[in-house]
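S.K.: Residue numbers (the working numbering), protein chains in the order written: chain A, 1 to 406; chain B, 1 to 445.
Read the hints as simulated data drawn from the structure, not as lab findings.
Heads up, none of these hints are tricks.
The calculated DSBU-like cross-link candidates involving lysine-lysine, where the alpha carbons are at most 30 angstroms apart (straight line), are:
1) B:Lys-78 x A:Lys-33
2) B:Lys-162 x A:Lys-137
3) B:Lys-315 x A:Lys-320
4) A:Lys-206 x A:Lys-184
5) B:Lys-139 x A:Lys-197
6) A:Lys-175 x A:Lys-202
7) B:Lys-150 x A:Lys-197
8) A:Lys-59 x B:Lys-76
9) A:Lys-202 x B:Lys-78
Keep in mind the model is a prediction, meaning the values are calculated, not measured.
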Amino acid sequence: MEMESLPNGDSTSAAAAASVPTSKLSHLAESLKLEHQFLRVPLEHLKKSMRANHRIVEKEMSAVISGVAEAADRDMSKEEAVQHLSCLVSRLQGLKRKSEEGSKTEHLQAQRCRARLDHLDGVDIDNQSEWNNMRVKRILVDYMLRLSYYDSAVKLAESSNIQDLVDIDVFLEAKKVIDALQNKEVAPALAWCAENKSRLKKSKSKFEFQLRLQEFIELVRADNNLRAITYARKYLATWGATHMKELQRVMATLAFKSNTECATYKVLFEAKQWDYLVEQFKQEFCRLYGMTLEPLLNIYLQAGLSALKTPFCYEEDCTKEDPLSQEHFRKLASPLPFSKQHHSKLVCYISKELMDFDNPPLVLPNGYVYSTKALEEMAKKNDGKITCPRTGFICNFSELVKAFIS
Amino acid sequence: MDVSAVESILARGENLRKKEKNQKRAGSFGFGTICYSNCIRANWLTPIGSESGLPNQIPEMELSSIKDAFDRVSKKQKLSSSKTQEVIDQVGREIEQTLEKLQSSQDAASGVDQKAFLTELKSKINEIGPINQLEGSQKELNVGLSKYTKLLEKSFISDISKAYRNVEFDIHTVNQIVATHFYRQGLFDLGDCFINEAHEPEGTILKSSFLEMYRILEAVKSRNLEPALAWVAANRDQLLQNGSNLELKLHRLQFVEILQKRGRNDALKYARAYLPPFASGHMDDIQKLMACLLWVGRLDCSPYAEILSPSHWEKLAEELTRQFCSLLGQSYESPLSIAIAAGVQGLPTLLKLANVMAAKQQEWQAMKQLPVPLDLGREFQFHSIFVCPVSRDQATDENPPMLMPCSHVLCKQSIVKLSKSSTRTFKCPYCPLEATVAQCRQLYF
Ligand SMILES: [Zn+2]
Ligand SMILES: [Zn+2]
Numbered sequence: 001m002e003m004e005s006l007p008n009g010d011s012t013s014a015a016a017a018a019s020v021p022t023s024k025l026s027h028l029a030e031s032l033k034l035e036h037q038f039l040r041v042p043l044e045h046l047k048k049s050m051r052a053n054h055r056i057v058e059k060e061m062s063a064v065i066s067g068v069a070e071a072a073d074r075d076m077s078k079e080e081a082v083q084h085l086s087c088l089v090s091r092l093q094g095l096k097r098k099s100e101e102g103s104k105t106e107h108l109q110a111q112r113c114r115a116r117l118d119h120l121d122g123v124d125i126d127n128q129s130e131w132n133n134m135r136v137k138r139i140l141v142d143y144m145l146r147l148s149y150y151d152s153a154v155k156l157a158e159s160s161n162i163q164d165l166v167d168i169d170v171f172l173e174a175k176k177v178i179d180a181l182q183n184k185e186v187a188p189a190l191a192w193c194a195e196n197k198s199r200l201k202k203s204k205s206k207f208e209f210q211l212r213l214q215e216f217i218e219l220v221r222a223d224n225n226l227r228a229i230t231y232a233r234k235y236l237a238t239w240g241a242t243h244m245k246e247l248q249r250v251m252a253t254l255a256f257k258s259n260t261e262c263a264t265y266k267v268l269f270e271a272k273q274w275d276y277l278v279e280q281f282k283q284e285f286c287r288l289y290g291m292t293l294e295p296l297l298n299i300y301l302q303a304g305l306s307a308l309k310t311p312f313c314y315e316e317d318c319t320k321e322d323p324l325s326q327e328h329f330r331k332l333a334s335p336l337p338f339s340k341q342h343h344s345k346l347v348c349y350i351s352k353e354l355m356d357f358d359n360p361p362l363v364l365p366n367g368y369v370y371s372t373k374a375l376e377e378m379a380k381k382n383d384g385k386i387t388c389p390r391t392g393f394i395c396n397f398s399e400l401v402k403a404f405i406s
Numbered sequence: 001m002d003v004s005a006v007e008s009i010l011a012r013g014e015n016l017r018k019k020e021k022n023q024k025r026a027g028s029f030g031f032g033t034i035c036y037s038n039c040i041r042a043n044w045l046t047p048i049g050s051e052s053g054l055p056n057q058i059p060e061m062e063l064s065s066i067k068d069a070f071d072r073v074s075k076k077q078k079l080s081s082s083k084t085q086e087v088i089d090q091v092g093r094e095i096e097q098t099l100e101k102l103q104s105s106q107d108a109a110s111g112v113d114q115k116a117f118l119t120e121l122k123s124k125i126n127e128i129g130p131i132n133q134l135e136g137s138q139k140e141l142n143v144g145l146s147k148y149t150k151l152l153e154k155s156f157i158s159d160i161s162k163a164y165r166n167v168e169f170d171i172h173t174v175n176q177i178v179a180t181h182f183y184r185q186g187l188f189d190l191g192d193c194f195i196n197e198a199h200e201p202e203g204t205i206l207k208s209s210f211l212e213m214y215r216i217l218e219a220v221k222s223r224n225l226e227p228a229l230a231w232v233a234a235n236r237d238q239l240l241q242n243g244s245n246l247e248l249k250l251h252r253l254q255f256v257e258i259l260q261k262r263g264r265n266d267a268l269k270y271a272r273a274y275l276p277p278f279a280s281g282h283m284d285d286i287q288k289l290m291a292c293l294l295w296v297g298r299l300d301c302s303p304y305a306e307i308l309s310p311s312h313w314e315k316l317a318e319e320l321t322r323q324f325c326s327l328l329g330q331s332y333e334s335p336l337s338i339a340i341a342a343g344v345q346g347l348p349t350l351l352k353l354a355n356v357m358a359a360k361q362q363e364w365q366a367m368k369q370l371p372v373p374l375d376l377g378r379e380f381q382f383h384s385i386f387v388c389p390v391s392r393d394q395a396t397d398e399n400p401p402m403l404m405p406c407s408h409v410l411c412k413q414s415i416v417k418l419s420k421s422s423t424r425t426f427k428c429p430y431c432p433l434e435a436t437v438a439q440c441r442q443l444y445f
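From just these sequences and the hints, can you work out the full model?
M.R.: As structure tokens, this is what we get:
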């Protein structure tokens, strides 16, 4: 039968062959759209520095202005006035230095934003495999930073010279808070909340409330009831309007103390509450910087394993080249859905090449199918004899028939 | 996923698509192939541009315009910085001038002047309005920043975790995969550091094997083939099973090295010692090598000059790596890199799907098979998947692919359906020829 007379198959596979570069390009373009975090994090970092610098300048400038007003409004001796103004001048000099330093930091951060744009713009079909390797490294650095494997993260970034493409300094800021929380200290976390007050408020975060609750619990644990009550009045009462239930529950611990057997309250005194705070902080932190809450590695791995997962992967003859031939990957993939195909995709058992229009499948009398190229080569080497590699069946090349796959 | 769910996804997808008429890449649902069984599924056939049939919701990205937008922000930031410095200087100058005036007024009784100077300073600074100036430039910068932030949100997918499933994703397993990846890439220090920080001692299982591999490869790089030859000799049977003639290739390179460096006699001695076992299968190669003996000292201008090409060394290193990994039961490429690359290709479609199914969280979490293909490149095709062109079902052991006498292939269930479960002839859906069930044979891909 002529291929041309087929209502399908022929035309689609020809089109597919012609569109290979286009599909590669569109894969590339689509993959760049996944890089939001890559651009967003340094931008948020830059914005943060700008806000902080601006706040300093504004605060100092206001102080100087009211200093001038004070000098004008108060009676001062000449010496006093000179002294007062000199003091303002040196304050301004200090401010200028600070502002210059701040602007230098901002400049470096802006350069980093720009370097990342250039990095995205720099990928093309020719350097793609190198670029992809770099992406794997970026994803791994992100993973290690999120799990607090800082030394490994720094090592990989430095040895690959990708410091500008990863967010080590951003995560070092988180490290201070996380380390403190792990030591059961809330002060750095509270300072962080204060620094980001308006943005945390906007996202309706109750992280600060949770920190305060923990501090209260620690006072109760230490049997410091009076201080606990004072603390509650000062720091917890303001959250009453929005979080009354939690507030009441925690206040009730005053009656139960830390050795309570009552499950509702016992849990509040458990050490894992601190782990919970660390997790909570990591989430708030990621949200503030526009990061995904999950490590990028987990997101890409899950998508990739689902895309690769077929019922054949769990059979013994799954090729070693398939990640899903490995126990670790199989384990991660087991709760994920199988992939779906709408069109046949056939791989030659012998050559591992795709059997398509250019290399169509041929059928042995025993029903086993291999690619034309592989069988032609086998026939050439063996005087036209074909041996089925899976069954040992022997036949002549002339006995093979075509199979039309649409 | 059941049919009604697919239907409703499609309906939502269709609605979304209508909303985005102005977007050039919005795919149209085509009816590319004849479909007999299920007309809802026909909707899923290849639309132009993407195989998934899901709408393309994100417009094409123009990185250059994004860069321009950022450069504008960056410029405003510089302006704002210099404005700040300027305001500080301005205020400082005024105070210093007043200070000078105060100091130069010698008259002790000039308390009135002093008051006047200070009041003047106060009103001058009020005139400058430093706070307003600072706020003005900051405000302008903020406008630029939020514009740029929005542009990023519009041009990129702002949350790629939307398709993430809340399933067990064991951290120790991931850590062991990462550690093995580092060792696999020859990053032994990093691997050790990682194992240490992650407290994952089981991650070192393959370390010593990969250490050996890199030791052999390093030696090859400095043109020392001894370790490679020793490894090949120790694994001869398995390599032959793999159909690899790596050993001969190593001896060939070694022979040429000896011929170049130590001369004809040593080369001949080497050939006599090591090449005879290959005589039966590779006479051509051996003849060529022996002929090289005639050209000693001027091999580079001989008909065999090609044998000196450094590419042989590169190819050898590659095949050595391939065979070494294969014998370890590992892939040639890092499986982690492959899985990530597959994820990068599959995620855009997966995110579109998650978006369409946003209201069906339960179904999303529970699905056993994705309802759409993720359209991976052929480098990720590790298995033969036969999809029946009639029923669109993937073939299984129970429903295998069958070859009809006309050479068209359908799955068994479709053939049984077409034959109406009888032994009579039926017409092939793709050509005018007829067949009976008995004439169809099962295929094995
Ligand atoms: Zn597989
Ligand atoms: Zn037919």
